[in-house]
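Novice: Please take these sequences and the hints and turn them into a complete structure.
For the protein sequence lines, the chains are L and S, in the order given. So the first sequence is numbered by the numbering used here: it starts at 1 and just counts up by one. So the second sequence is numbered by the numbering used here: it starts at 1 and just counts up by one.
If a hint is listed, it holds; no wrong ones were tucked in.
Below, a list of computed lysine-lysine pairs in the BS3-like style, where the Cα atoms sit at most 27 Å apart:
1. S/K66 x L/K42
2. S/K64 x S/K14
3. L/K70 x S/K41
4. S/K64 x L/K2
5. L/K104 x S/K41
6. L/K42 x S/K14
7. S/K55 x S/K20
8. S/K41 x L/K2
9. S/K20 x L/K42
10. L/K42 x S/K64
11. S/K41 x L/K42
12. L/K104 x S/K64
13. L/K104 x L/K2
14. L/K104 x S/K66
Hints are computed from structural coordinates only; laboratory data are not their basis.
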Amino acid sequence: QKEVEQDPGPLSVPEGAIVSLNCTYSNSAFQYFMWYRQYSRKGPELLMYTYSSGNKEDGRFTAQVDKSSKYISLFIRDSQPSDSATYLCAMSANQAGTALIFGKGTTLSVSS
Amino acid sequence: GAVVSQHPSWVICKSGTSVKIECRSLDFQATTMFWYRQFPKQSLMLMATSNEGSKATYEQGVEKDKFLINHASLTLSTLTVTSAHPEDSSFYICSARDFEGNTGELFFGEGSRLTVL
Chain L
1 QKEVEQDPGP
11 LSVPEGAIVS
21 LNCTYSNSAF
31 QYFMWYRQYS
41 RKGPELLMYT
51 YSSGNKEDGR
61 FTAQVDKSSK
71 YISLFIRDSQ
81 PSDSATYLCA
91 MSANQAGTAL
101 IFGKGTTLSV
111 SS
Chain S
1 GAVVSQHPSW
11 VICKSGTSVK
21 IECRSLDFQA
31 TTMFWYRQFP
41 KQSLMLMATS
51 NEGSKATYEQ
61 GVEKDKFLIN
71 HASLTLSTLT
81 VTSAHPEDSS
91 FYICSARDFE
101 GNTGELFFGE
111 GSRLTVL
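Specialist: Here you go:
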């Protein structure tokens with residue numbers, strides 16, 4: 001079993017839809033959870049950063065972490081064509097000098 | 001926000017040649033940088049952790065003699081792909097953690113696409 005599992009999609013939705021992206025993980029030591037957005041041929045950019053369990057909201061984006069289930073989610077409300085990208089979940093056990101373990105990424109396409 | 005710059009953004013080389021990729025933290029100091037490789041439709045796979053002033057730490061299965069990493073200053077790490085072969089063609093991405101910003105956020109470069117003919 002891989003440390004981080006993420007459905008690669010692709011996921012296609014109409015503009016305005018609510019999008020749910022998910023990852024599961026096996027390492028209970030993970031405490032820091034991130035969602036990155038990656039456009040084609042570009043480096044990843046950080047969308048959401050969460051420590052431990054709970055919810056975090058930033059504009060149209062909501063990140064949820066359920067450590068008991070080892071499950072994290074990213075919700076996108078009122079999706080826009082500009083949201084079309086690959087979304088990568090990432091996590092680490094500690095913050096200091098630790099590389100991230102990434103999911104495979106989910107490719108999202110929002111049609112207008 | 002903090003910026004990490006990579007150069008070149010893309011490079012094409014002949015099989016057997018060596019290619020150097022630079023990663024710079026533009027407005028913060030990074031004692032640690034990370035090098036990832038990403039194949040098409042795959043996730044980022046950590047290759048090595050680059051430590052300023054000391055040897056890099058390589059992940060299992062990554063040949064240290066093939067992927068030479070040098071982190072000579074607090075703002076620059078380089079990855080040299082030696083004797084490149086077509087199977088080394090990939091998207092190489094570096095990242096650095098900005099502790100000065102207190103969040104310890106990891107910033108990524110734009111990536112360098114290597115094509116070996």
